[in-house]
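Q: Order-wise, the sequence lines are chains S and H. Sequence positions in the first sequence follow my numbering and run 5 to 247. Sequence positions in the second sequence follow my numbering and run 5 to 414.
No lab work stands behind these hints, which were simulated from the structure alone. Just to be clear, a hint being listed does not mean it is correct.
[Stated by the list, open to error] Derived SDA-like pairs: lysine to any residue, alpha-carbon spacing no greater than 25 Å straight-line:
id, chain 1, residue 1, chain 2, residue 2
1, S, K34, H, A406
2, H, K239, H, P103
3, S, K160, H, T413
4, H, K239, H, A406
5, H, K22, S, K34
6, S, K160, H, E9
7, H, K51, S, L120
8, H, K252, H, E117
9, H, K22, S, L164
10, H, K239, H, S143
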Amino acid sequence: MAQASALPVFRAPGSGEPVIRLAAARKTYKTGSIEFEALRGVDLDIDDGEYVAVVGPSGSGKSTIMNILGCLDTLTSGSYLLAGENVEELDEAELAAVRGRRIGFVFQQFHLLASLSAWRNVELPMVYAGVPRDERRERAVAALERVGLGDRLDNKPGQLSGGQQQRVAVARALVTEPTMILADEPTGNLDSHSTDEVLGLFDELHASGRTIVLITHEQDVAARARRVVHVRDGRIQSEEVRA
Amino acid sequence: MNWAETVRTSWFAIASHKMRSALTVLGILIGIAAVILTVGLGLGTQKDVSSQISALGSNLLIVSPGSSTSSSGVRAGFGTGSTLTRADAEALGSKVNAPDIAGVDAEKSSSQELTAGSTNWTTTVVGATPSYLSVRGRSLQSGTFITAKQNSDQASVVVLGSETATELFGFTNVVGQTVTIDSQDFQVIGVLASSGSNATSNLDDTAIVPLSTMAANLVGGSQANSVSTVYLKAKSADALPAAYQEAKSVLLIRHNIATGGTADFTVSSQDSLVSTATSVARTLTILLTGIAALSLLVGGIGVMNIMLVSVTERTREIGLRKALGAPPGAIRNQFLVEAGTLGLTGGVIGAALGIVAALTLPGVIGSPIEVSGLAIGLSLVVAIGIGLVFGVYPATRAARLAPIDALRTE
Numbered sequence: 005m006a007q008a009s010a011l012p013v014f015r016a017p018g019s020g021e022p023v024i025r026l027a028a029a030r031k032t033y034k035t036g037s038i039e040f041e042a043l044r045g046v047d048l049d050i051d052d053g054e055y056v057a058v059v060g061p062s063g064s065g066k067s068t069i070m071n072i073l074g075c076l077d078t079l080t081s082g083s084y085l086l087a088g089e090n091v092e093e094l095d096e097a098e099l100a101a102v103r104g105r106r107i108g109f110v111f112q113q114f115h116l117l118a119s120l121s122a123w124r125n126v127e128l129p130m131v132y133a134g135v136p137r138d139e140r141r142e143r144a145v146a147a148l149e150r151v152g153l154g155d156r157l158d159n160k161p162g163q164l165s166g167g168q169q170q171r172v173a174v175a176r177a178l179v180t181e182p183t184m185i186l187a188d189e190p191t192g193n194l195d196s197h198s199t200d201e202v203l204g205l206f207d208e209l210h211a212s213g214r215t216i217v218l219i220t221h222e223q224d225v226a227a228r229a230r231r232v233v234h235v236r237d238g239r240i241q242s243e244e245v246r247a
Numbered sequence: 005m006n007w008a009e010t011v012r013t014s015w016f017a018i019a020s021h022k023m024r025s026a027l028t029v030l031g032i033l034i035g036i037a038a039v040i041l042t043v044g045l046g047l048g049t050q051k052d053v054s055s056q057i058s059a060l061g062s063n064l065l066i067v068s069p070g071s072s073t074s075s076s077g078v079r080a081g082f083g084t085g086s087t088l089t090r091a092d093a094e095a096l097g098s099k100v101n102a103p104d105i106a107g108v109d110a111e112k113s114s115s116q117e118l119t120a121g122s123t124n125w126t127t128t129v130v131g132a133t134p135s136y137l138s139v140r141g142r143s144l145q146s147g148t149f150i151t152a153k154q155n156s157d158q159a160s161v162v163v164l165g166s167e168t169a170t171e172l173f174g175f176t177n178v179v180g181q182t183v184t185i186d187s188q189d190f191q192v193i194g195v196l197a198s199s200g201s202n203a204t205s206n207l208d209d210t211a212i213v214p215l216s217t218m219a220a221n222l223v224g225g226s227q228a229n230s231v232s233t234v235y236l237k238a239k240s241a242d243a244l245p246a247a248y249q250e251a252k253s254v255l256l257i258r259h260n261i262a263t264g265g266t267a268d269f270t271v272s273s274q275d276s277l278v279s280t281a282t283s284v285a286r287t288l289t290i291l292l293t294g295i296a297a298l299s300l301l302v303g304g305i306g307v308m309n310i311m312l313v314s315v316t317e318r319t320r321e322i323g324l325r326k327a328l329g330a331p332p333g334a335i336r337n338q339f340l341v342e343a344g345t346l347g348l349t350g351g352v353i354g355a356a357l358g359i360v361a362a363l364t365l366p367g368v369i370g371s372p373i374e375v376s377g378l379a380i381g382l383s384l385v386v387a388i389g390i391g392l393v394f395g396v397y398p399a400t401r402a403a404r405l406a407p408i409d410a411l412r413t414e
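Extracted from the complex, chain S is given alone in its bound form (with noise of 0.2 Å):
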């Protein structure tokens, strides 16, 4: 990893420096005797409040992307500077740390927890961050209401339709101010009034200076974004910047 050590310096979010950097990535998959390149070799740069969507058909590895992302996997060679902290050398429990602190998730099945309220699941990941308790009932109780679910903050994921229940996940993702909102297929489940819903959402959050990563596969989807990466066969095939 000799461009990991070139490049210590810690970037502020906001200062003009990309947030992300992804230089040179590599990931290879094992699966017994068979080896799998899943990213071939990827320079991704995104700065600070942008709007980007990553897109491809499946096995494209934008999966990958977005796992390597949100430190939810690590590369097999290469590098990726977050905020300009290089996320391949620290262990699990910093990785940890840094997803809870940097990255809101909004994820394709919602993954929120059936037991907990809206609110509950909402708290969760301040929990995590060592946020006092009357505070994080404020700021969850403030996000719920920013996704216009302030009448359902008691409500059990049951309770919630299929938009709702995206809302409350995407509260949960913007309750930490991370550096980076990161939806993986956001609306593969939702009907197209959801879909409208939340993205609506994402566009008012892209407005109001957040960075939003948004991996899918849908070219309708991607349009909302300000900038679209295709990526097929473990590469950026091209690039798209709107106005």
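Using the hints provided, position chain H relative to the given structure of chain S.
A: Chain H only, in chain S's frame:
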């Protein structure tokens, strides 16, 4: 993440899976209650047996004629009655040679037919000395016991066991009545208080006459001076070993047996009887404990089953918590507290039920149940241990899963 948060998180998990939590607790609870009850039953029986033997008299040494057991297991001459005499008994009462012996009661017994009016009753007639009551730990229900004067005068008096009195007269208030033994009339001067029966003999079915009377008028002949048993009472439980040695050396000298020679008498203690009987009861306790431990193990396997299922179905939850910033330690601690709480709850409720049952059941089934603090403590430790081992091991494995794999689990 501090412990208060961990406990709160674990509590949410327990409360939101009520059925599963209840089943886990139930499995442990039944095992613990079973252990406490069966161990209690075994210990209760053990205590019951030893207390019945203690009823024979406390700090007691028993000297019987005959040598100790030969290698083939045959006791040569045991109980034939010629090697132990009344003079031996008097020597054992010496305060100089046997200072640790507080009381001596020489006895000579034989089975005789007693007659009162037209009623016959065959029982063990015991010729005893006035120290019988104190040495054997007995007391009188009514009347008086044989006095030293009656013993030296070969008086024709008898003290009846309560059951013997009832058999002969139909009631126990029989002081002043006359009983015929071997065609001789004996005046009833007292009735023994009931002491309960033990496994080998009925202590309430007996008739006591002065030893001298027994020797002169009932058995007599060449057997006149021999006694069948000498009971010795040591000064205290602590003095028992010393009293044992003194009795042995006094008799060895009187019988002219060199040190190392084969003694023609046997000194045995209450302790050896108790230990024989309690070892039987202990075997019973071990057997019962084994069965209880098995039931606890089965309960534990049930708990493991529930916990494994729980971890499998919660793998996605674990993955999500890790994605949201939970370090592996926090996940492990959550399951640790969760499983420990379930184990402890099951253990405490099981112990409470076991104690309540141990206190109420003896009235129903008639067997004593001894509540053992050790059994309760140990089973609580085992309960928590079951929760931790069977709950945390799978959880630790899940906590080590890459979060993305855990999240993808369907």
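Q: Now tell me, hint by hint, if it's right for this structure.
A: Tested hints:
At most 25 Å may separate the alpha-carbon atoms for a hinted pair to count; K34 of chain S and A406 of chain H meet this at roughly 15 Å. Among the hinted pairs, K239 of chain H with P103 of chain H is consistent with the structure: their alpha-carbon atoms are about 9 Å apart, no more than 25 Å. Our distance criterion of 25 Å between C-alpha atoms is met by K160 of chain S and T413 of chain H, whose separation comes to about 22 Å. Between K239 of chain H and A406 of chain H the CA atoms are separated by roughly 75 Å; this puts the pair beyond 25 Å, and the hint is violated.
Proximity of K22 of chain H to K34 of chain S is assessed by CA-CA distance (about 41 Å); at most 25 Å being required, the pair is judged violated. Between K160 of chain S and E9 of chain H the CA atoms are separated by roughly 21 Å; this keeps the pair inside 25 Å, and the hint holds. For the hint pairing K51 of chain H with L120 of chain S, the CA-to-CA distance comes to about 54 Å; that exceeds 25 Å, so the pair is violated. The hinted pair formed by K252 of chain H and E117 of chain H fails the criterion: a straight-line CA distance of about 35 Å is larger than 25 Å.
Note on K22 of chain H and L164 of chain S: the hinted pairing holds, with a Cα-Cα distance of about 22 Å set against a maximum of 25 Å. Taking the CA atoms of K239 of chain H and S143 of chain H, the gap is near 19 Å; set against the 25 Å cutoff, the hint holds.
Violated hints, listed in ascending order, are 4, 5, 7, 8; each of the other numbered hints is respected by the structure.
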